Amino acid sequence: MKNMKYIVLMTLLSLVGCSTLEEEPIGILSPEGFFKSPQDVQTVINGTYGNMAKEAFWGRKLSLPLMLRSDMASIGDRGTPARRIEHDIFSVTDDNGMITAFWPTSYQIIAGANEAIAGAESLNLTDQAINPIIAQAYFVRAYTYFHLVQLFGDIPYLDAPVTNIAEATLISKTPQSEVYINIISDLEFAKQWLPNTQPTRALPSKATAAAYLASVHLTLADFPKAYTEAKFVIDNEGLFDLDLVEDFQDLFDATKQNSQKESLFSIDFNGFSDGDTGRDYQGALTGIRQNQRTDGRLDIGEGWSVAVPTINVYNAWDGRDYRKRVSLDTIGVFGGVVQPFSFFPTASPLNVASAYIAKYSRFPGTVSLGNARGTETNYAQMRYAEVLLIAAEALNEVTPGSAEANSYVNRVRARARNRAGVLTNFPEDITLGINQTDFRNLVLEERKWELAFEFKRWYDIKRRQLGPEVFGPNGLENQTNFDPSRDYLLPLPFDELLRNPNLLPNNPGY
Amino acid sequence: MLKNKTKKWLKAFFIGAFILIGTAGYSQQKTIKGSVISSSDGIGVPGVNVVEKGTTNGTTTDFDGNYTISAANNATLVFSSIGFITQEQSVSGKSTLKVTLVEDVSALDEIVVVGYGSQKKSDITGSVSSVSSKDINAFPVLDAEQALQGRAAGVVVQSNNGGEPGAPISVKIRGNTSIGASSGALVVVDGFVGATYPQPADIESIEILKDASATAIYGSRGANGVILITTKKGRAGKTTIELNSSYSSQSTSNQLDLLNAEQFATYQRGINPGYVQGPAETDWQDLIFETGNIANHQLSFSGGTEDINFYVSGNYFDQKGVVVNSGFERFSFLTNVDAQVTDKLKLGFNAFGSRSNKDGVSTQAGSGGRGGGDVISIAYRFAPDLGVLNENGENTFNSVGDDVDNPFAIATERIDETAIDNYRANFYLDYELIENLTFKTTFGFSALNSTRGTFLPSTLRATAGGVGGIAGVANSKTSNILSENYLTYKKEIGKGNLTLLAGYSYQKTKSDFFTAGAQGFISNSVSFYGLAGGSVPLIPTSSLTETEIQSQFGRLNYDYDDKYLITFTARRDGSSNFAKNEKYAFFPSGAIGWKVSNEEFLKDNKTLSNLKFRASYGVTGNQAIQPYQSLASFESLYAVVGDQTVNAIVPNQLSNPDLKWESSFQTNIGLDLGLFDNRVSLTLDYYNIDTKDVILGDTSVPEYVGFLNQTTLKNIGEINNKGFEITLTTKNISTNNFSWTTDFNWSRNRNQVVKLVNGDDIFLDSSPGHFLQDETHILREGQPVGVFYGYDFRGVNQNGTLPSGTAAFTNNLGDEIFSDLDGSGTITGVDREIIGDPNPDWTAGLNNTFRYKDFDLGIFFQGSIGGDILNYTAIELASGGSNATTEVLNAWTPNNTNTNVPSAAVRAKRVTSRFVYDGSFIRLRNLAMGYTLPQNLTENLGLDNIRLSLSGQNLLTITDYPGVDPEVSYQASGNQASNVNQGFDYGNYPNIKSVTFSVNLKF
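Those protein sequence lines, which keep their order, are chains A and Z.
One point on numbering: in the working numbering, the residue at position 31 of the first sequence is 31, and numbering is uninterrupted.
Residues are numbered in the working numbering as their position in the second sequence, beginning at 1, plus a constant of 510.
The set of hints was computed from the structure by calculation and includes no laboratory data.
Nothing here was measured: the structure is a model prediction, and the numbers come from that model.
C-beta: ideal position from N, C-alpha, C; glycine also.
A hint or two may mislead.
Claimed, not checked - Derived Cβ-Cβ restraints for the label pairs, each shown as a range:
id	chain 1	residue 1	chain 2	residue 2	range
1	Z	Asn1322	A	Ser91	44 to 52 Å
2	Z	Ile1375	A	Ile331	53 to 61 Å
3	Z	Gly1006	A	Ala166	53 to 61 Å
4	A	Asp247	Z	Asp1332	48 to 56 Å
5	Z	Phe1023	A	Glu32	49 to 57 Å
6	A	Gly296	Z	Glu1343	29 to 37 Å
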């Protein structure tokens, strides 16, 4: 019996541990019971803004193709990955690596918006209490689908969180006309409920929703409605706290953007990033190889010479236009010596002898990585100048030859004459007497220079079907491979069609 | 003093021994004294039975191998001990008799440790390899796993980073059995599952369990094989003090032959006529490589009484690496105490602790773009016409390619320090409940805490110049609690022996992790201990994971008549990592053995001393799943609104209630053969492992569903490994003065991906980020894991007319041309194919040990034949935007057309067969000479034993590989990477050659 104590002791020791093996994660967010207050809804909506600022969306994967597909930017370094070159020369295949990257991210943005809307409904709050918040989610959903429908045409359309994977795997494409109806309906909701102003331009306001309605109607060639929405914004510019920035250069100085009143909605970067989340690449992609920079900033250094305008852009742009000077870099510093762009290829064989895009590399503010990656730049998705030009373009289609339409264009031009405080006489005001066709072209040209490299030009080319002209022998970029029956739409990713054959066929020509 | 003490101990021991022997002494006796030493090392062998033949008169040797016996004048003494060949010596009137015992190479009666018990080696039915303490300590190594390299068939040991001090080392048994989960072997130290390796000098033995029969007792963690380590214990007798000291001098095994400043400038002008030669002449490899050294000291005390024994050791290891500013230092201790409390109760305690400090340099950079890169890869690519400092006294950065800081500046100014504390305590009680039935319970705890600090000063201009320096701290803590309890029943039943084992185990692991950082420091003297001094805080991260496993296990061993053996094993594991519907898993195995040589018809065969057949089949598992992977979740995300960071989350994944472990179904057929008194012993094993339910990301869910984690983990894949292993030991010569032993092992593993999701290839990328490549290797059904994927290089464009079936990306003379697989006339993505296989055809180790009197010599070769290497360094050095190897001196020009080296130009860094090389090598892993001082000399010094040795490691390498070293591993850390990323060479810390002097003292 004296050994009894040992037996007792061992029995006790062996009883350590008896578990149900249930996992109870700490620090990991479970969707069940997540939504408890409107703040939780905002947190999910914030996730959609975070997703927009990813490399796989606005950081590079979507923004770069939009730039390269236009006639305003071509490829500098020919050794850059083929997935980029394919967009420039219109040889995109259905496994293009830019598309396969921004496609899922776009839908993650949409899923976040859907999750926020559904979560808000589960709170059972009054419309007044919750709608101003979820109106952001409606805007985000519309904004994202607007990109997708312009790029792909008919697309899978989801407006609620997916709970049944098997069902979701079988859906068919929604025709683009129906997608547009849904986009407009979301924007109408957003316009109804969003506040007149927001604490920051990184959040959409009532004016943002109206301006996007104008843009959507313009794209659909519903000019009266486009005009009405744009006019609504312009008429209430004080209420919405909107104005043009005085000096065009300041629009592209990342350190000055926060106090400006011109942007209606920006994708916000602050010079920090978590890996590729919150990191933009435009400054690096458009910068000059081996450039030591006129400001000598070592933390930025050279660029990658990927997206570079052809020399035609430099030649076609009136040298008196201040916006040309702001938008293009014509000099670089190499070995401590300032050199003209004809020297760029000598400095590095990866450069081309052309003026380089300056909007994203000249004043990027804080950068989190060299080459001007992860900058402080806020990318305005809709500037007040564009709203003015939408109003002018739409009004010209409804009532040609109006002084009102002229005034919108002239307001944009007047700002451009402010050369860093010195008033010049170019570009001069337009006067009455321009016929409807010339005015239409004039506004499109004005958009080309005013919004140069701001990811708008490709959508203009598509909606006005300008491809054969701008990519022809007399265009800024002669792209012989451009095929209007194919290239106004991108292919849906091939693997997505494998996963859901109901999405077949792919767009024509792919 | 010590000698007197020793004598006292001896006296006590002898008295004890005589009492034990009991009624030994008879008439006409003569007292014979002597010693018994081992032929392999000349050291005394304790515990040898010395018996007068034909009588019951006998004694045993003491701790130093000495004995005294009274025997008849004409008697014959029989000396026997486990592990040695029994020897007979006639007394013939002599009064001293010194005997050298020769080790029994097959050591059939050796007791080896198996999971939850031990067994006679001859009774084992599974596939188990043993590595002795002697082999582990043949030359000084930082980690025991390094010492396993080449020592056992089917075991592949590889450093994750060449010769880096403190680099993690992977040990794989019988190939890659998974894709997403670790294929690394489970390590069990003194019964503690999932422990870290102890100091090499503290290890008594290592058993490597390879087949399912041996590993199924470890259930869901057994699929990759198990390494059982037993540390040294004290023995009853005199206290032994042992001191081992060694000192090594080290250098890089090889360097690349690069262009000098003038050659470089000429080469660059061929690409860019405007290139102006820089002001300096620098051999960057010379600057960053230096002579390294290792000092290693180990002091141990061991001893005990009949009831209590102890082993205590302390170790100090200090290594200065061969790359400037890299090093590793470690203190550690081990204590083992065992006590026989009563006849029936035994208890023991085992404690281990270590503190290590690693001073790292940056190697194996994930990207070498602006401000990136690592010391090694940059040393190869950096312009040789620049100095360390420019004319303003600032660190230079590269004049061609991406802006990177010079390697000397990165090596000397970048701070990267890791401190690791590792503790383990394990306690056991062993109680005999009734006759034949014992109960054992163990309770253990371990902790592994590490802190890593990095600081990039602003003087590294490309890396951290613009932001005023960057500092970061990462802290991780892992703790582990283990409770195991089992009953063992042993019973002789007629001619049979039955052993039954049944037990219960519970283990809980908890890991937490956090990081913090800041940038914008006023001064570079702040480092990472002053994060608050940074004007800009970086985003902190933290995480916590917990895992529990509870298990029941059992085993039946039965042997009949010492001829027929049978083993059944089973374990049922429940794991918290498994999904809701699959919490528990069952892993059975069975094995049979037949000792043919014990059958009547062979029993007296003189030639054949041992013949045994073995066969086993069983299922083992791989936990494969990280915690929480089966749960639905939201994921937080970095988001900015109005320049402020805000709380933000995104939908991450749906729940996955059916996710479970991966299962390996393993068949093993083996043969053990001994000839001529086991002077020749041969073991052959054939195995086939089908790993099913391999977890793969199922990408069949459309991406428009919108979850961040786009792949759903599913048990879909299948992998097969089959192979053959040979272990041969021959005692070629064995005399008292001279012996020669050869150990040879050879293994061949064939690895194949059998099933993937929908049969689709999985494309993988391991290239440095700035290469801008997406796909470098693939998983494809029917192919080995991780074959290289790229363009087939066919030479250069000689005259504008390309050979049929080839095409090029660009059509300049001197450009690279490739196989045009689709015949389109241009090279596109579809022209890629499998261009190399990193898996070796076979690997082998060959160790010859010679002894002549007091001298010994060991020659240990290791080889790996048939594995390919994809050399990213070569791709970079041929890309135009970097320095280059002297190969480019033979580049194509209109005047030098008889060459396959393309013209000098800036080219994309593509994966092509031009950069795939045969990585076969044979390496003289160790060459060691030892001398044991003669006994009389040693005794005069008051010592028991003195041994001096001089050895060289990696002195000779035979290989055709043109890179720095054929033992490569780039991007091979982490579960999936360690399986699929094999044979990549970039920025590796170089392998080292060393010369070592060591002293072993025992007293």
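The hints, checked one at a time:
1. For Asn1322 (chain Z) paired with Ser91 (chain A), a C-beta distance near 21 Å fails the hint of 44 to 52 Å.
2. Between Ile1375 (chain Z) and Ile331 (chain A) the beta carbons are some 58 Å apart, a value that agrees with the proposed interval 53 to 61 Å.
3. Separated by about 57 Å at the C-beta atoms, Gly1006 (chain Z) and Ala166 (chain A) satisfy the suggested range of 53 to 61 Å.
4. The hinted window of 48 to 56 Å between Asp247 (chain A) and Asp1332 (chain Z) holds, with their beta carbons roughly 54 Å apart.
5. Hint check: Phe1023 (chain Z) to Glu32 (chain A), Cβ distance near 25 Å, so the stated range 49 to 57 Å is violated.
6. As the Cβ distance of Gly296 (chain A) to Glu1343 (chain Z) is approximately 48 Å, the hint placing it in 29 to 37 Å is violated.
Hints 1, 5, 6, counting from the list given before, are not met by this structure.
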